[in-house]
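Chemist: Below, each chain spelled out in residue letters.
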Amino acid sequence: MVLPVLLVLYLAVAEGVVALLPKTRQAAVRPWVWVGPAVVLVLLFLVVPGLNTLYLSFMNADSTRFVAGANYAHAVTDPDFLMAIRNSLVWLVALPVLAVALGLAMAVLTDRVPYGAVARSMLFLPVAISAVAGGVIWGFMYDYRPPGAAQTGTLNALVTSFGADPQSWLVSSFTNNGALIVATVWMTAGFCMVILGAALRGIPDELLEAARVDGANEMHIFARITLPLVAPTITVVATTMVIVALKVFDIVYVMTNGNFGTEVVATIMFKELFSARDYGQASAIAVMLMAMIVPIMAWNLRSFRREEAIR
Amino acid sequence: MRAATPLAALNPVKRGAALRFTNRIPLHLTIAVILIAWATPTVGLLVSSFRPASEVATNGWWTAFTPPLTFTIENYAQVVTRRGLGASMMNSLLITVPATILTVGVAAYAAYAFAWMKFHGRDWLFLGIIALLVVPLQITLVPVLRMLNGLGLTGTFVGIWLVHLGYGLPFAIFLLRSFFAGLPREMLDAAAIDGASPFMTFFRIILPTSVPALASLAIFEFVFNWNDLLSALVFLGGSRDVAPMTVAVSNLVASRGEGWQLLTAAAFLSMIVPLVVFFAMQRQFTRGIVAGSVKG
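Chains as they are written, first to last, in the working numbering: chain A, 8 to 318; chain B, 644 to 939.
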């Protein structure tokens, strides 16, 4: 209750001070009263720490000595880090492809049935669940008991009912990264579906009707009309998924803690930070993660400016 | 109950609909398969959380519905009292609600200025906000941790509020600014002609007309902050007194040796609040997500 009062009080006091200024100065000062708190907080929590991390990445573990590129050199020769990079690349490709493809399929299919709204809210539900709870949910799905014992994990019960041996999905290096990605697809496909669904509903019905009248079949309409029209939205959604993939942390932390060859960039960094207490190394990893995201940032900025120019 | 009507007896329109239904069986089947695949993990969790330990350890959750039915709320009683999940639920609320209020408030002020005031450097400043939308918070962890350590704010609710506020602002400002900028100019001009100050305009006109956008943002931030694990792990330290649900559940997972009946109960408990919010305000939640991502 105190916080809303404080928020209003700040503005009332600051506007009161502005009102005391000569009329000519008010217009120049007032905007900063409104954007000031946000700008200060963003500088304090994002911009300055980001630059500071860049600086720290050239320093030793406790930031007392300059070590030039040693942290970076160490990272790129460290087998764990290289494995994390490899895994992050797998995430980077697999997550957007699977989540967008499934999300698009969900949006297109549920759009054609009368119970679509109910179906969509069921498919969207996992988006509201934390990755921690999702990790428990899928840890249980992947649960492994030795052959012969009653399988309590849903997936192994399914596999053994077909006569195959139960798999230790999260331990086997053949399946564990895939298993983690599938769990993440389960949590994100609904997000893709909702956004792509909004784009699909934006396509004018007359366009589709005209094509049908001209004798085009549904497959043709989808490939030639629907897909090109939602392509920009697909790009946006896929980009969001790329960022999710690069930043992925919670689900790996909860389900495998990076063991058995499932380390990703964010979990490696967390370990450098809290287990090894090597701030230099952790910072260098963070900078490399940031570097991977810079192209997306630049693309975001470019398309925003283009859009503002149209407006 | 109505008797089944032979197809030929139906009028042409109804016959068409019935034929379409049979033609569309593959469509319905595909949707059914996806729905079952999507619901199964959550149903398995929910069912297991109500089963006794001995059952959960020896047979699958799907056998729970064959007699003898043995359901129990013992697992919930145990995680709430002995595993401290009740306290964590309170912590999650004490972290999430204030953080959300602060984010929406501070972002609304800034978004109003970005949308309706002219000032030097405005466009560059806003481009900076856009750039920050995708910054991974990993890049800030070490310095922010040191800053909060220096201020004695690590392990405190105030510290984590500020962290959520700082990290949440770019998205919140972006979302609200695009909504505010879409409000009709005449409405704001009329207010200015009537002599309303920006303060009055903001509280009397902007906020009341933007309730849908503010609600979407608030719900989005609430769920996002509730589900956060990384900032809580880093900035709240290992202390159990302030640990939110996500940290408590992940500690329970990490401690191994805990049976699935407790993990599933704990996980479901941590999901209840976001799920209630989700079902109660699904439209706003969805709208927030769509508005936020249809950018650039």
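Misleading hints may appear alongside valid ones.
[Said to hold, decoys possible] Under 10 Å between C-beta atoms, here's a sample of chain B residues computed to sit facing chain A:
id, residue
1, L812
2, F846
3, I848
4, L895
5, F921
[Claimed, not checked] Listed next, the stretches of chain B that the computed footprint assigns to chain A, with coverage defined by at least 3 CB atoms under 8 Å from CB atoms of chain A:
id, segment
6, 694-708
7, 723-734
8, 749-755
In short, the hints are calculated from the structure, not lab data. Glycine is no exception: its CB is placed at the ideal position from the N, C-alpha and C atoms.
Chemist: Three or more residues of the segment 723-734 of chain B near chain A by CB distance under 8 Å?
Modeler: This one is violated; 0 residues, fewer than the three required, reach chain A with a Cβ under 8 Å.
Chemist: Going by Cβ atoms only, is F921(B) closer than 10 Å to chain A?
Modeler: 4 Å, holds
Chemist: Report holds or violated for the interface hint on L812(B), using the least CB-CB distance to chain A and a cut-off of 10 Å.
Modeler: At about 5 Å, which falls below the 10 Å cut-off, the nearest Cβ of chain A leaves the hint on L812(B) intact, so it holds.
Chemist: Would the stated hint for L895(B) survive a check requiring a Cβ distance to chain A of less than 10 Å?
Modeler: 9 Å, holds
Chemist: When I compare C-beta atoms, does the segment 694-708 of chain B have three or more residues closer than 8 Å to chain A?
Modeler: Per the Cβ count (7), the hint holds.
Chemist: Does the closest beta carbon of chain A sit nearer than 10 Å to the beta carbon of I848(B)?
Modeler: Violated, because the Cβ-Cβ distance from I848(B) to chain A comes to roughly 15 Å (cut-off 10 Å).
Chemist: Using C-beta distances, would you say chain A covers the segment 749-755 of chain B, given that this needs three or more residues below 8 Å?
Modeler: With 5 residues in contact (Cβ-Cβ under 8 Å with chain A), the coverage given for the segment 749-755 of chain B holds.
Chemist: Double-check F846(B) for me: the hint is only fine if its C-beta lies closer than 10 Å to a C-beta in chain A.
Modeler: 8 Å, holds
Hint compliance for this structure: hints 3 and 7 are not met, and every other hint is.
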